[in-house]
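**Student:** Given the structure of chain G, go ahead and fit chain Y onto it with the hints provided.
As they're listed, the protein sequences go chains G and Y.
Quick note on the numbering used here: the first sequence kicks off at 1 and runs consecutively.
Quick note on the numbering used here: the second sequence kicks off at 1 and runs consecutively.
Heads up, none of these hints are tricks.
Identical chains blur together in the list; that is why a pair holds if it fits in one copy or across any two.
No farther apart than 30 Å at their CA atoms in a straight line, the calculated lysine-lysine pairs in the DSSO-like style are these:
1. K199 / K187
2. K224 / K187
3. K187 / K221
4. K187 / K176
5. K101 / K221
6. K101 / K285
No wet-lab data here; the hints were simulated from the structure.
These numbers come from a predicted model, not from an experiment.
One letter stands for each residue in the lines below.
2 protein chains.
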Amino acid sequence: MTAQNPLLIPELRKLLASGNTEALQEFCSEGHPADIAELITALPGQEAWSLLSHIDLPLRAEIFSHLDDDLQVEMIDILRREEIVRMVGEMPHDERADLFKRLPEERREDLLPALAQAEREDIRRLTAHVDGTAGAVMTSDYATLSSEMTAALAIEHLREVAPDRETIYYAYVVDKDRKLLGFVSLKDLILARRNALVKAIMHRDVIFAHVEDDQEDAARKIQKYDLLALPVINGKDALVGIITHDDAMDIITQEHTEDMEKLMAISGRHEEAVYMKTPAWDHFKNRSPWVIMLAFLGLVSGFIVQSFEGLLSQFAILAAFMPMLADTGGNTGSQSATLVIRALALNEVSPRDIFKILGKELQVALMLGLLLSVIAFGRVVFFGGGSTGTDNFSLEAIGWAIALALGLQVVTSTLIGALLPMAAARIKLDPAVVASPALTTVVDMTGLLIYFTTVKLTLGI
Amino acid sequence: MTAQNPLLIPELRKLLASGNTEALQEFCSEGHPADIAELITALPGQEAWSLLSHIDLPLRAEIFSHLDDDLQVEMIDILRREEIVRMVGEMPHDERADLFKRLPEERREDLLPALAQAEREDIRRLTAHVDGTAGAVMTSDYATLSSEMTAALAIEHLREVAPDRETIYYAYVVDKDRKLLGFVSLKDLILARRNALVKAIMHRDVIFAHVEDDQEDAARKIQKYDLLALPVINGKDALVGIITHDDAMDIITQEHTEDMEKLMAISGRHEEAVYMKTPAWDHFKNRSPWVIMLAFLGLVSGFIVQSFEGLLSQFAILAAFMPMLADTGGNTGSQSATLVIRALALNEVSPRDIFKILGKELQVALMLGLLLSVIAFGRVVFFGGGSTGTDNFSLEAIGWAIALALGLQVVTSTLIGALLPMAAARIKLDPAVVASPALTTVVDMTGLLIYFTTVKLTLGI
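So that you can see chain G by itself, here it is in the shape it has in the complex (with noise of 0.2 Å):
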């Protein structure tokens, strides 16, 4: 089956219309239940709950987890109470935490009492942590073994209970009081004498989580040690959940989204791809705060220019490089912030690095700043002639003058563009946040400084 596959849908119509429940069975669980569900979504409420109704339970428990959050909480409006409780029995019990996180109040007060007294314990434990942490994303279904098990033993427990945990290639080793002391993989269990006990087999040096840990440094464990499950532990060092391998890249693609919508200015949290789904009037909402600063900043910067207006009228060839000054600082600028953002996020480099990476910016900056003082100088002599102001001085001295006030508004860019990201690191602030558009707005007003002060030095004026 082809995901997105436009011409199934009316065939899975037509197979609902004659209500075949066979039929829409074997059609259901003959593709990954990601495409099933994306098929659903094409479906209005009504007509997609018919569908899964048809389905067998764990099927469908399986497929509805993959509905976005938006229709999972438009169908559970649609659905009775009892039969939202047995498919909440069936859910991994991240997908299930979450669920209820989205429920408005008063359905979830409706729902919870009809659950059985463990499901309602685990979702109020897992929707007990702050967004973000490894606490709200970590799953509670994950597999457990005692130490003085045998391997034979323990393979005969994961498999009893595989069939509602999240993974079984990976069990972890607690005590009484569920207090982690090791891990083992079913590569392990597979590999070892049948009788070798867990605690001889296991290893000990687990890498875990906390649950107040950025979900982001959670994901990157499982990322730098290619691990297939992150054990987290609360504050008395007891294991209360794992993070898998793919919610650990779901969270690593939510944060690149999040990385360049800082990058670009935009506010606004988003946990899955919705761009189509936003409506106009919260794409404004997002975008306008940050717009409506940055254009007061760049009053500032008129302000600035405002300053110069006698400058400006007397030599008017000043203007046309304006541009060109504000763009180039802000190309050169942002270069250097988004290697040095990028350089932090991947912790290549801390905020102590500071002085290496500016003496770097600089050498770079020098390099950049040379070559573009050439083209500019080119373009004053070349194409400057006939402007106001250019006959009282010569056009070799006027190009002179805006050469050097480029080479120093590149210098300076780049080492803004380098400190702020490091400033914002250092003061733990996120370094994106002071990227591109702020840094650009900042570079304008520096730069036209810059420009018309040391414009006025060469020619004396």
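**Tutor:** Relative to chain G, chain Y alone:
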């Protein structure tokens, strides 16, 4: 063991000086190979190798595989041929192929004949694919099964081959021509009856990639379907490799770095994070082409300004609004471009949705444009007095003209921001390449034309 704990280095060097193989072996097997590799990176090449030579071959190969690319190549230069050959035999197949790709030609020619025929062939096959394709990132050390095996025999087989396979949690069922028939997970095998046949348990609807598929598409499949590994087939439908979940995560991170760099107009391809190690001259070469190209485009903006010199000298206040106009156009354009690029990358929208997207962006742009126009109008009326030319027209009239121009600029730049990446995607270019700095420069030009023309027409001069 804490990663990157600098306190461990003196301890390690002391152990190394004592030459106590047993203690060194214990030290290195206690930590995760990725952490040991980080510690070793802090040692000079010769000392690093002397440490590794104290360790068991399998662990040695594992730690070596975690070293960064440059250090691997550096160490290969130190080692004797027999030592390399022995270690290469133990490395994961994809890591081994990557290493050979990076070795200088003569070193490769020197080493290849010393390897076993099968290894040589394997390296030749894995290095034959174009960078950036699924073929170039896949590994060949996967497990296969025959469809006629029983579950018990299959588990026994996986157990035997486990030490040489990247994963045994997924096994692929192939026929005698290596054509991919299906796959089973170790969980499926463990849950099945002992004498159930593999062909009865296996999933026939396998999700796979072609060797020449883009590496990012392959990684996104692993992400979408929550896979541990994705099989890769060649033009004859034969299984030739797998891509594992950890490699998929690295691919996604790498693509993100490249996206961010494209957004900031930095060329050059990095396979790994290398900011500090990249010489300033290489940074210059990566960054200057775009900066220069954009500077030339900025000169075009300059010519536009120059052509309106008369207007500017008559109304000096117009120059004061140039920075705000340029910045605001750049900001709003970048915002819409970023959202569209991200939605395209996550397959949330396709180039066919262009009118829906333009419709949404138009709504957002009208709201943003209205808001910014009001701000600009207020700025002119309250702080614009006293500038040259403001005597001949009322401040209100000038304010209206500038506000209208700014509103038009916001709308056009937002639409251009959405349009350019869609157009790039349509002609199969990477959408990210047309974003931020290139876009900023384009909307600068359109913005200046809009600005001066609108003011001229509105004021009737």
